[in-house]
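Colleague: For reference, the chains in residue letters:
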Amino acid sequence: MTRRVEGHFQEHDRGNIAPPSLAPYLVVRFGPEPSGPAIEALIDTGADWTALGPRDALTLLGRSYLEIDFEVAPGRIVIAGFGQGDTDAVISPMELWLRDAEGEDFSVSLQVAICEPSPRTPGPHGNWLIPSLLGRDLLEWFDRTLSYNPPSATLTESAPV
Amino acid sequence: MTTIEPTQRLGPGPSRTPTSQERVAYDACERNHQFFLANKWDLFDRHPEHWLLIYGDQTVEAFADPLDCIDRRDALEPDMQATVWIGTPDKPGIWIL
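So the sequences go chain by chain: A and B. Number 68 in my numbering belongs to position 23 of the first sequence; there are no gaps in the numbering. Number 253 in my numbering belongs to position 80 of the second sequence; there are no gaps in the numbering.
Between beta-carbon pairs, the in silico distance windows are:
{"hint": "1", "chain 1": "B", "residue 1": "R189", "chain 2": "A", "residue 2": "Y193", "range": "29 to 37 Å"}
{"hint": "2", "chain 1": "A", "residue 1": "R165", "chain 2": "B", "residue 2": "D244", "range": "15 to 23 Å"}
{"hint": "3", "chain 1": "B", "residue 1": "E250", "chain 2": "A", "residue 2": "G171", "range": "28 to 36 Å"}
{"hint": "4", "chain 1": "A", "residue 1": "E112", "chain 2": "B", "residue 2": "P251", "range": "21 to 29 Å"}
{"hint": "5", "chain 1": "A", "residue 1": "E56", "chain 2": "B", "residue 2": "G229", "range": "25 to 33 Å"}
{"hint": "6", "chain 1": "A", "residue 1": "E147", "chain 2": "B", "residue 2": "L210", "range": "17 to 25 Å"}
{"hint": "7", "chain 1": "B", "residue 1": "E250", "chain 2": "A", "residue 2": "G91", "range": "39 to 47 Å"}
{"hint": "8", "chain 1": "A", "residue 1": "S109", "chain 2": "B", "residue 2": "E250", "range": "18 to 26 Å"}
{"hint": "9", "chain 1": "A", "residue 1": "Q129", "chain 2": "B", "residue 2": "R245", "range": "31 to 39 Å"}
{"hint": "10", "chain 1": "B", "residue 1": "G229", "chain 2": "A", "residue 2": "G107", "range": "16 to 24 Å"}
{"hint": "11", "chain 1": "B", "residue 1": "H220", "chain 2": "A", "residue 2": "H170", "range": "12 to 20 Å"}
{"hint": "12", "chain 1": "A", "residue 1": "G107", "chain 2": "B", "residue 2": "D215", "range": "27 to 35 Å"}
{"hint": "13", "chain 1": "A", "residue 1": "A118", "chain 2": "B", "residue 2": "R219", "range": "36 to 44 Å"}
{"hint": "14", "chain 1": "B", "residue 1": "E250", "chain 2": "A", "residue 2": "P77", "range": "17 to 25 Å"}
Hints listed in this document are in silico derivations from the structure and should not be mistaken for laboratory results. The beta carbon of each residue, even a glycine, is placed where N, CA and C say it ideally should be.
Construct all of the structure, not just a fragment, from the sequences and the given hints.
Modeller: Shown next as structure tokens:
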């Protein structure tokens, strides 16, 4: 049976800079079991990799996130496109859990980029404002339907080739 | 963009039916998520500390220091932790992705 996962759209207030924008999100859970922390991640077909932003990395990893030395950590990479300029990140194997429309859980094993916070201090600034991204490494397993009117986001597992 | 090929092709695993306990926790977390989505601007106005811990039956606590929020989450009973939704400020600004 083809598995289907429903996402949702969320509106972002851009203050006086621009009108509010709608963007598609999916709730995923991290960890060995589907009861792990729930993260709201942006569906981003422009991202090569699934990336954990600072807010969600802090939620998921706790204080240990702020103790990562991104200069020397194993699995270190440099990524572009997560905020301005280059960003250091570490790649870590993770299980992401999705719940399909039938109420069944299934996991997707991925190498996830954990992005370095910039600035280091948590707050509403820098790349702390950027959400986690579901990149093509996850999205390639699904056919995607995004509609803005009415807003709906659906991932349907692709048939095996 | 940096492109890195994983050494191993990974993908979706088999489905599994959640236990009744997982289903209850999932539903509670989802209720708190929907509560956050429906009320976040009002919640942020009322709680200027801005890191919101929502757990159980829509119990809301606000924290100025995100680490205090995480520590409080970690101090909850495991059953209660599964119901947590953490809401963080959504400030004006244009994302450059």
